[in-house]
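> Chains as they are written, first to last, in our numbering: chain H, 1 to 164; chain Y, 1 to 326.
The reader is advised that the hints may include incorrect statements.
[What the hints assert, rightly or not] Below are the EDC-like pairs computed for lysine to aspartate or glutamate, each with C-alpha atoms no more than 16 angstroms apart in a straight line: (1) H:K104 <-> H:E114; (2) H:K31 <-> Y:E95; (3) H:K3 <-> Y:E95; (4) Y:K81 <-> H:E114; (5) Y:K81 <-> H:E42; (6) Y:K107 <-> Y:E314.
Note that these hints are calculated values from the structure, not bench results.
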Amino acid sequence: MDKLGVDLPLLLSQIVNFSLLAILLNMFLYKPILNALQARSERIRESLDNAEKVKQQLARVDADYDAKLQEARREGQTIISQAQERARAQEAELLVVARNNAAKIEEEARNKAEQDRQQMLRGLQGQLASLVTETASNVLGRELQTKGHDELINKSIDQLGRLN
Amino acid sequence: MSTKQKVIIAVALTAVIGIALRIFLPVGTPLVSVRAEELFHIGGYTITNSLVLTWIVMALLIVLSVIGTSKLRSGNTEALKHPRGLQNALEYAVEMFYNTMQGVSPKFAGRFFVVVATIFFLVLPSNWFGLVPGVGSIGLCYSHSAEHAAAPNYVATAGISTDVAAPVLAAAAEGGNYTNNCPSGTAFHPFLRPGSADLNMTLALALISFAVTEFWGFRSLGFGYLGKFFNIKGGPIQTAVGIIELISEFARIVSFAFRLFGNIFAGEVVLLVMAFLFPTLLSLPFYGLELFVGLIQAFVFAMLTMAFIDMAAESHGDHGHEEHAH
Numbered sequence: 001m002d003k004l005g006v007d008l009p010l011l012l013s014q015i016v017n018f019s020l021l022a023i024l025l026n027m028f029l030y031k032p033i034l035n036a037l038q039a040r041s042e043r044i045r046e047s048l049d050n051a052e053k054v055k056q057q058l059a060r061v062d063a064d065y066d067a068k069l070q071e072a073r074r075e076g077q078t079i080i081s082q083a084q085e086r087a088r089a090q091e092a093e094l095l096v097v098a099r100n101n102a103a104k105i106e107e108e109a110r111n112k113a114e115q116d117r118q119q120m121l122r123g124l125q126g127q128l129a130s131l132v133t134e135t136a137s138n139v140l141g142r143e144l145q146t147k148g149h150d151e152l153i154n155k156s157i158d159q160l161g162r163l164n
Numbered sequence: 001m002s003t004k005q006k007v008i009i010a011v012a013l014t015a016v017i018g019i020a021l022r023i024f025l026p027v028g029t030p031l032v033s034v035r036a037e038e039l040f041h042i043g044g045y046t047i048t049n050s051l052v053l054t055w056i057v058m059a060l061l062i063v064l065s066v067i068g069t070s071k072l073r074s075g076n077t078e079a080l081k082h083p084r085g086l087q088n089a090l091e092y093a094v095e096m097f098y099n100t101m102q103g104v105s106p107k108f109a110g111r112f113f114v115v116v117a118t119i120f121f122l123v124l125p126s127n128w129f130g131l132v133p134g135v136g137s138i139g140l141c142y143s144h145s146a147e148h149a150a151a152p153n154y155v156a157t158a159g160i161s162t163d164v165a166a167p168v169l170a171a172a173a174e175g176g177n178y179t180n181n182c183p184s185g186t187a188f189h190p191f192l193r194p195g196s197a198d199l200n201m202t203l204a205l206a207l208i209s210f211a212v213t214e215f216w217g218f219r220s221l222g223f224g225y226l227g228k229f230f231n232i233k234g235g236p237i238q239t240a241v242g243i244i245e246l247i248s249e250f251a252r253i254v255s256f257a258f259r260l261f262g263n264i265f266a267g268e269v270v271l272l273v274m275a276f277l278f279p280t281l282l283s284l285p286f287y288g289l290e291l292f293v294g295l296i297q298a299f300v301f302a303m304l305t306m307a308f309i310d311m312a313a314e315s316h317g318d319h320g321h322e323e324h325a326h
């Protein structure tokens, strides 16, 4: 062994060297770097997880948005159709009322016209009678006595009225 | 000028430089020393050149780690989010090694990462430092007689010199009459020598690897771990297998220590011999090879340790084949 240069103090010093180097490298090289690598891979995993989460959230929001849009559209549709229905009902109602009113107005107008006509006729009858008698008296030269000729007058008026 | 011509000119130029160096610069006989050379003594402790380089490697690693992870340790979120520069390089190295170890032993990679990674990160620069010009070739001539004295007798310095053996091996190679850039009676001691080319360090690592493996075996299986080696109930064949297992368990220390030492030391020798045979040009391909070998050996040492730890935790009977590296 001596010829090969193996020497106990040298051997021991190399073992001590190695142990020292192992401790120092562990402190300054392996631990910091392995920790960093682990931290980095953890961070990468976290980021990927987060990205996945965000993607899912986005998809959920998208779906939500779609659903809400759909709902809003449906609601709008119902509101519109309800409004249309109501409008139609109102229209019908209004039509009925208007028609009734119109009928009433027409009726009233007709009644009024009839009344007016009657009134006018009645007035005319009176005037006519006096006019007739006046004219007749003028023509006959004498004043017809109202009394005693009433029958005749009324008869002629009736004829007049029938002519009308 | 085409690429082919450029290559030819580069090779020719290198050859000319090599020949010139071979002629004008006297190169000593390449002699190699299996043992790490002593440089000086501190309070009775011998300091060898491999120990010095190991300290340099350690200091380099620690300084780089302290600088590179300073932002991470201070809890800087910006550094956590955007790693750059040295921090990024360190993260890349640690993460890649961690993932590789997880491939070898998914269950225990985290628990034994400190040991296995420290083996890798200590051995790799040690291996590659041997390839830095000057490591193993710059040094002083030490007088033999003064080798064990407190203060070595510096004789002469050589500009470029080759590794010189310890007296025993040198004498065997040259018949006690070797010529070198060092005067006779002195030996060349380079200032630096890669730790993995010194058996003290490789054996230390092998013993640590062995200790951790056995510790984990007992820790996870209790004394049932010994059943792997002393299996009398299983019949004579199982008993014999157990004994072989026991031997192979201890043989691992030797194979660990000598695999790394042999590869790196042999690489040094090959480079030396190639440089001796033909300066500059011939060593070039071997430099590439040695870079590769240095990486592979560091990786193999760490990975085998991880694999043995993993196997030690398995109960006997279902352990797989041991992996054998070159």
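> Which hint numbers does the structure go against, in order from smallest to largest?
Hints 3, 4 contradicted; others consistent.
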